[in-house]
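Asker: Sequences and hints are given; from them, build the entire structure.
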Amino acid sequence: MTMTTAGVIFVLTLVAALVAVYKPFGDYMFRAVSSSRQSRVERGIYRLVGVNPAAEQTWGVYARSVLAFSAVSILFLYLFQRVQNHLWLSLGFDPVVPHGAWNTAVSFVTNTNWQSYSGESTMGHLVQMAGLAVQNFVSAAVGIAVAIALVRGFARSRTGQLGNFWVDLTRITLRILLPIAVLGAIALMIGGAVQNLSAGTDVSTLTGGTQTITGGPVASQEVIKELGTNGGGFYNVNSAHPFENPTSWTNWLQIFLIFLIPFSLPRVFGRMVGQNRQGYAIAAVMGILAAASVALTNIFELAGHGTVPQAVGAALEGKEVRFDVSNSATFAAATTLTSTGAVNSFHDSFTSFGGLMTMFNMMLGEVAPGGTGSGLYGLLVLAVITVFVAGLMVGRTPEYLGKKIGSREIKFASLYFLITPILVLVGTAAAFATGNNSTALNVGPHGLSEVLYAFTSASNNNGSAFGGITVNTTWWDTALGLCMLFGRFLPLIFVLALAGSLARQAPTPASEGTLPTHRPLFIGMVVGVTVILVALTFLPALALGPLAEGL
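Final position of the sequence shown in the numbering used here is 544; the numbers increase by one with none missing.
Mixed in with the good hints there might be a few duds.
[To be verified] Now the in silico label distances, taken between C-beta atoms and shown as ranges:
(1) Arg151 to Ser28: 22 to 28 Å
(2) Ser28 to Thr463: 47 to 53 Å
(3) Met386 to Arg315: 24 to 30 Å
(4) Met(-6) to Asn45: 41 to 47 Å
(5) Gly153 to Ser29: 18 to 24 Å
(6) Ala422 to Met386: 31 to 37 Å
(7) Ser32 to Met(-6): 46 to 52 Å
(8) Asn269 to Asp87: 51 to 57 Å
(9) Val382 to Ser32: 32 to 38 Å
The set of hints was computed from the structure by calculation and includes no laboratory data.
Predicted model only: the values in this text are computed from it and were never measured.
Note that the Cβ used here is the ideal one computed from N, Cα and C, for glycine as well.
Answerer: Structure follows, in structure tokens:
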């Protein structure tokens, strides 16, 4: 069997599995976020934190709850790292330096999981488990909660209430993320992933030397790293490490976990607005963009564009032989199409056009299917923009799901879209203007690509790295930390404001001039608007980086 054939089978089985779980898992998530029943554990949590689960919140209160929870989480995680040398299971590691602790705390709370350090030689087991892994759960739950709040804005009328953030956070964590994480961790351990509290084992190498093999609670962190589209690895090489991702079938499972929630959330959207076909339309947009990206990334990597890859017959540099070129390319597309940021190969070693695809995936806004929650609300914002553009073309007030898209709504949608490009382009320019690109191992177009990738990853809350630059400096930790903060919470506020504006509206009956938003025409328009907006915004920067290198 050729590498190409194996790669096609790998992708087709993945697609089949995602199609099979779309309806049952989407319906399960719908019941989890819509049920009026509270479990005993949930009631205990509400009493502990002083929350009335029956009280709903306006968009402003919901947003303040998200911000307050995230601010406390950042402070806690920062302090946790700074005192880790006094904690149980510290493994003798020193406290994390202030700028590194700040960057890491912001990174994990914003669901970015950018790592400017080597996990196995920097973080003790307790910080990994009670600090980083916990944020993997709750940061993912925050994204899903905000997406659900936006869908409630479409589904409800003449009200300012969007639900209760604390109830949504608790239910999503306990009913959705935790059960799947337990099952997934068991599967990964069966596949060979490590799960222990070992400080390390000394082994003899083939050359007669001694090497310490670090153990730890790897499988339990690995599963939520992928399921919650987080990406922060226990080991420095992330999912390329055999203790995190031992075999080809665990590689398949990890990609499946990455896609599971984002691709199933459109079903929740359709159920909540009472039109399943609307959910299918959103899922179709996600699927078209994802299929194109996976196919192009595989084509560019399998073609081996470049002098050395063509000479040796494959672009194998920076890739694990147990995953081969195709499965590495598929993983790279999956992790950058979502906000995961996990890697099983070195993106800096990809061909110029293969590396371009990983950047372009993030620049799309990570909506195909995007992160847990953030992908759905990002694509719904693009759908709002598409409806507005279509309304201008025919000269009538645009409507989406019975809600008028007026000046207030389009302002929130436009601000949402503009935040990330501003952060990416200003951050990249600032790095070159201040001389902080001088640590790049490469000059010319590839050096520019490395800096552009870093800011694209941070601002889109992805967390993967192109590599080639030293980013564990005060300037880089501070700059990327600010991009993560603004890239997460400013769009989130605009999404909730849009949800509040929609929820207060009275429903508008469909008429002859209403654009059907469940048909192929609308699906194609959303795909076109998404790609064109990215092309117009980022094409000059891409032309100076990966395009110039490839051509």
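Asker: How does the Cβ-Cβ distance of Ser28 and Thr463 compare with 47 to 53 Å: does it lie in that range?
Answerer: Holds - the Cβ-Cβ distance for Ser28 and Thr463, about 49 Å, lies within 47 to 53 Å.
Asker: For Arg151 and Ser28, compare the CB-CB distance with the range 22 to 28 Å and indicate the outcome.
Answerer: Taking Cβ atoms as reference, Arg151 and Ser28 lie about 24 Å apart, which means the hint holds.
Asker: Can the suggested window of 51 to 57 Å be confirmed for the beta-carbon pair Asn269 and Asp87?
Answerer: Between Asn269 and Asp87, where Cβ atoms are some 54 Å apart, the hint holds.
Asker: The hint says 31 to 37 Å between Ala422 and Met386; measuring C-beta to C-beta, is that right?
Answerer: Between Ala422 and Met386, where Cβ atoms are some 35 Å apart, the hint holds.
Asker: Does the Cβ distance between Met386 and Arg315 fall inside 24 to 30 Å?
Answerer: Roughly 51 Å apart at Cβ, these two residues miss the hinted range, so it is violated.
Asker: Does the hinted range 18 to 24 Å hold for Gly153 and Ser29 at CB?
Answerer: Roughly 20 Å apart at Cβ, these two residues keep to the hinted range, so it holds.
Asker: That 41 to 47 Å hint for Met(-6) and Asn45 (C-beta), does it hold up?
Answerer: 59 Å, violated
Asker: Okay, Ser32 versus Met(-6) on CB: inside 46 to 52 Å?
Answerer: 48 Å, holds
Asker: Using the C-beta atoms of Val382 and Ser32, is the stated range 32 to 38 Å upheld?
Answerer: With a Cβ separation near 45 Å, Val382 and Ser32 fall outside 32 to 38 Å, so the hint is violated.
The structure is inconsistent with the numbered hints 3, 4, 9, although it conforms to all the rest.
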